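Based on the hints, put chains X and W with the ligands in the right spot on chain U.
Heads up: the sequence lines are chains U, X and W, in that order. For reference, each letter of the first sequence is one residue, going 1 to 230 in the numbering used here. For reference, each letter of the second sequence is one residue, going 1 to 492 in the numbering used here. For reference, each letter of the third sequence is one residue, going 1 to 299 in the numbering used here.
Take these hints with a grain of salt, some might be off.
What the hints assert, rightly or not - Straight line, CA to CA, 27 Å or less: simulated BS3-like cross-link-like pairs of lysine-lysine:
no., chain 1, residue 1, chain 2, residue 2
1, W, Lys-285, U, Lys-73
2, W, Lys-258, U, Lys-137
3, W, Lys-285, W, Lys-258
4, U, Lys-230, W, Lys-276
5, U, Lys-171, W, Lys-265
Hints were generated in silico from the structure; no laboratory data involved. Here the structure is a predicted model, which is why all the values come from computation and not from measurement.
Next come the chains, spelled out residue by residue.
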Amino acid sequence: MFHWLEERPFFFAVGVFLVVSFAGLIEILPNFAEASRPTVGTKPYSGLQLAGRHVYIEDSCNACHSQLIRPFKNETDRYGMYSLSGEYAYDRPFLWGSKRTGPDLMRVGNYRTTDWHENHMWDPLSVVPGSIMPAYKHQFTQNADLETAYAEMVTVQSVFGVPYNKPITMKDGSSETVKLGASFEEEKANMLAEAKLIAADMKNQDVKDAVANGEIPKIVALIAYLNSLK
Amino acid sequence: MGNQNPLAYDYTVAKWFLWATIAFGIIGMTVGVFIAFQMAFPELNYLFGEYGTFSRLRPLHTNGVAFGFTMSGIFATWYYVGQRVLKVSMAESSFLMAVGKLHFIVYVLTILLAVVTLLSGITTSKEYAELEWPLDLMVTLFWVLWGVSIFGLIGIRRERTLYISIWYYIAAFLAVAMLHVFNNMEVPTYFVAGVGDWYHSVSLYAGTNDALVQWWYGHNAVAFVFTTPIVAMIYYFLPKESGQAVYSYKLSLLSFWGLMFVYLWAGGHHLIYSTVPDWMQTMGSVFSIVLILPSWGSAINMLLTMKGEWEQLQSNPLIKFMVLGSTFYMLSTLEGPIQAIKSVNALAHFTDWIPGHVHDGTLGWVGFMIIAAMYHMTPRLFKKELYSKKLMETQFWLQTMGIVLYFSSMWIAGITQGMMWRATDEFGNLSYSFIDTVTVLHPYYTIRAIGGALYLIGIFIWAYNIYKTMKSGRELEDAEVNVNKSPMAENR
Amino acid sequence: MKNIIIVSVVVSLVLIGIIYSYVGNIIGDDMVNILSMLAAILILGITVGVGVKYVNQMKNDTASGELADENWDGIGEYKNDLPIGWAVVFLGTIVWAIWYWFAGYPLWAYSQIGEWNEEVATHQEKFEEKWSNISEEDLSRMGEAFFSVNCAPCHGVQGDGMDGKAADLTKRLDASAVEYAIRNGSDNHLVSEYMSMPAGLLWNAVEIKQVSNYVASGFTGIGKDVYEANCASCHGMDGMGIPGVGANIRTFTPDLIKAVLDNGKKGAIGSMPSFKGRFTDTQEKAVSLYIEKLRKGEL
Ligand code: HEM
Ligand code: HEM
Ligand SMILES: [Ca+2]
Ligand SMILES: [Ca+2]
Ligand SMILES: [Cu+2]
Chain U
1 MFHWLEERPF FFAVGVFLVV SFAGLIEILP NFAEASRPTV GTKPYSGLQL AGRHVYIEDS
61 CNACHSQLIR PFKNETDRYG MYSLSGEYAY DRPFLWGSKR TGPDLMRVGN YRTTDWHENH
121 MWDPLSVVPG SIMPAYKHQF TQNADLETAY AEMVTVQSVF GVPYNKPITM KDGSSETVKL
181 GASFEEEKAN MLAEAKLIAA DMKNQDVKDA VANGEIPKIV ALIAYLNSLK
Chain X
1 MGNQNPLAYD YTVAKWFLWA TIAFGIIGMT VGVFIAFQMA FPELNYLFGE YGTFSRLRPL
61 HTNGVAFGFT MSGIFATWYY VGQRVLKVSM AESSFLMAVG KLHFIVYVLT ILLAVVTLLS
121 GITTSKEYAE LEWPLDLMVT LFWVLWGVSI FGLIGIRRER TLYISIWYYI AAFLAVAMLH
181 VFNNMEVPTY FVAGVGDWYH SVSLYAGTND ALVQWWYGHN AVAFVFTTPI VAMIYYFLPK
241 ESGQAVYSYK LSLLSFWGLM FVYLWAGGHH LIYSTVPDWM QTMGSVFSIV LILPSWGSAI
301 NMLLTMKGEW EQLQSNPLIK FMVLGSTFYM LSTLEGPIQA IKSVNALAHF TDWIPGHVHD
361 GTLGWVGFMI IAAMYHMTPR LFKKELYSKK LMETQFWLQT MGIVLYFSSM WIAGITQGMM
421 WRATDEFGNL SYSFIDTVTV LHPYYTIRAI GGALYLIGIF IWAYNIYKTM KSGRELEDAE
481 VNVNKSPMAE NR
Chain W
1 MKNIIIVSVV VSLVLIGIIY SYVGNIIGDD MVNILSMLAA ILILGITVGV GVKYVNQMKN
61 DTASGELADE NWDGIGEYKN DLPIGWAVVF LGTIVWAIWY WFAGYPLWAY SQIGEWNEEV
121 ATHQEKFEEK WSNISEEDLS RMGEAFFSVN CAPCHGVQGD GMDGKAADLT KRLDASAVEY
181 AIRNGSDNHL VSEYMSMPAG LLWNAVEIKQ VSNYVASGFT GIGKDVYEAN CASCHGMDGM
241 GIPGVGANIR TFTPDLIKAV LDNGKKGAIG SMPSFKGRFT DTQEKAVSLY IEKLRKGEL
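Chain U with its partners taken away, still in its complex shape:
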């Protein structure tokens, strides 16, 4: 008597599909609109930061690092204020991670600096004895992919309405604007301007020379991204 469905593969499949699909709706949809609203003070990534974010993803830093501070005192003591949903409004994809082989990086921009990252990414053991993080020397010699970062900026602006070139209200009431150049050349100039500030704080002569020659090594973009995590 139970076999009715099992003799009718079509209805069986429909039954399975219904049972497995509606949980997803209830799990995901109710909060969808709410969760996409940015908190006050949350800015989109600049071109250079986005290029750095791509380096972060390319080298899968998220395999070891989370970017999600849970509301426990021990975590807020260690990493800073707990995370809020709206702070991730411009994160595509999200980079929360699921394993902390290394520390959380959600607000690492608050307590590490350019020169520290430079030393650390070149050789983690030189600043943190006992570290098991790999060195990423190739990031000092390869250039960041600025075109793709630019393409992503244009895409998120036109498809998702990310507010480039628009004033954004900061927590203290002031307003700031994140620029997006009208052409790739124009945006590249923005990126270079930001890169020069980073390179000025760095010591590696090859990197400094590259930036002076209008190139942007991956490490410069990555540091711009890490510094933006606040």
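For chains X and W with the ligands alone, coordinates are given in the frame of chain U:
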């Protein structure tokens, strides 16, 4: 009672997938052992330049074992079990035969491209959905081909009622199709902006929403890649190998629909104490506890199928693999819900206890079932006696040792790590800097790597045994093939 | 059979023993830690128990029941009922879930942020109660642990700056830092937001070397004249600084450290981030005390 005369089943595609299972198993787990050693001995990060770092290799491991090893195993058994329990032969339909072959070709191509792209750092970073959109499309293509094969074979079946295994294959097919499509929604940037890499894309969802969709996917990828199709396998191979009837039809039925219903709700347990609303997290927690029972239902059903057959557990290494497999299934489906309890998750999340839990399930349950299934199929596919029973026994014990070392070291590591992160001194300040919590784990990382290496040696033994079976196993008569217990050389 | 039980019990006990000996001191009286330990032990226990039970059944019972008509590739199926234990527990968990959802722990009654607020408030209360009159010695002990978590990643566990990666805190300034300040000026808000030191107070390389060494070696050796002529007006004859005018360049003081923590510092080596608002006054006091002791070599 069904007709016992064997049809002339056509196992061409099953054989191809069997080879793929072995090849990807070796690749994926060799990388796994390598990254395990990297965590203990970080100097190993520098053997292959940027391509050898832990972070480039880890996705290669997860994709290699989940989408290479496990999925090949699922397909291999489908092209074997499907024909037999539906009682039709692939040879009867040249269309389905062509679909099966195309399925294999597109699949292998996709996995090879996945290896290349992941090594080059082309990834979207979402766990278990790292592949960029062109490869997502290829996955969709081979998945559709598999669907055609499933429903095509069902369409021309001779057995009126679908056997339990078929339920689980259908569920795996449908659910993964749905999950894959929604979690991989992304906008290719080149087509909007006209510059940059053509294969780059940006996720349709942002932040918390992206996380919700990802873990709805990620959790259920566990359900419908590492669980349902493996249950499909055990429901066929254990009764078949032991010659026992399934213990209870009612239990099969309730476990199946219970699992279908409950699994999808539990994804929130990956997001506990994150920025998703509290009630969604609680939902994930609560449903995880309920999930124990439908999971255990299948495992208990299989263990009870062996009632009174203890002797086989001692004499037949294949039964050993399967019975221990379902025991590990019970272990990980109890451990998971415990980790889903909020206060436990507060401690366990982000620690090594999670990879510990993962490998209880994947090594003990997924790995053992696939190993057993391939061993069972080999004599039937090649009409050869399994080359060596002794090697099978050795493999079993080596791998069991390996799993025990893996999970026990990761339990200790995870709990130690979790407690050190939250430990405070008498003043209420943090006691340990982060690096203290890293260096303390060195011994456990070493033990885990050794455990993994034992498991990997077992995988090589398995490959060798199957290879020798094909090369120099004794030829079997038809009558010998159609017995329950897999023919194996008892004294070698 | 007996062997299996014995082995599993022994293995479980050994595991628990190892875990305990390692982390027992951390467990303390934290309920959550204890619960988690119990959960881990429970997993082991239940799995071993159930495993043993079914293995027993495999061993002793015989297959029984009425076979169904169907048969797939030779696989039959019994019409046995649900195992009663399984069915009851399944129902039980469903009832429990509904109860938990609506009554036990209703979904609208909880806020994780609220829990955090409470946790922080409780800590503060406890801290004030216990350490309101904290002794110098306790403060310095507190500073040491605090330093190792927050500062050691840059300054090294010994505070020596790890081969020049950050300031060497075992002394106030080294010669290159002094030279850098003379050549480039200094604008790190060390004494106040408005005061900075202009660049180019000295331009003679020999003089710069001399005075840098003089300052770095604790105001001894040659260079005294140059110092007194050019620097003392702001930093004082003894280098201890003049409030609101020049920074103390001889020792560390709580004010100086507070200024560095609030504003960060950029200099010859690189930059230190600002920690404004992250630490409590007591924590800042504790760490300055610790750093001054480091400098004096009193540790
Ligand atoms: C009742 C069944 C199960 C439940 C309730 C469950 C629950 C959980 C929980 C709570 C986590 C940890 C989430 C976190 O804190 O990061 C987790 C992770 C995981 N589980 Fe399970 N688990 C179950 C069964 C299984 C099985 C049978 C397997 C594999 C064969 C498995 C594979 C995984 C994997 C791969 C992850 C890691 C996900 C990630 O990348 O973070 N689980 N599971
Ligand atoms: C030779 C045996 C294996 C070894 C030594 C091994 C080792 C590892 C290591 C070291 C990690 C990374 C853990 C971390 O980041 O902390 C990992 C992750 C993972 N492995 Fe394996 N592995 C093995 C076999 C397998 C198999 C057979 C499967 C699946 C069928 C599998 C599935 C996974 C998954 C899903 C993850 C991600 C876990 C997470 O994100 O939490 N592994 N493995
Ligand atoms: Ca993970
Ligand atoms: Ca994808
Ligand atoms: Cu899950």
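Here is what the structure says about each hint:
1. Lys-285/W - Lys-73/U: holds, 21 Å
2. Lys-258/W - Lys-137/U: Distance ~36 Å between Lys-258/W and Lys-137/U Cα, so the pair is violated.
3. Lys-285/W - Lys-258/W: Satisfied, since the Cα-Cα distance of roughly 8 Å is no more than 27 Å.
4. Lys-230/U - Lys-276/W: holds, 13 Å
5. Lys-171/U - Lys-265/W: Cα-Cα ~24 Å, so holds.
Going down the numbered hints, you'll see the structure goes against just number 2.
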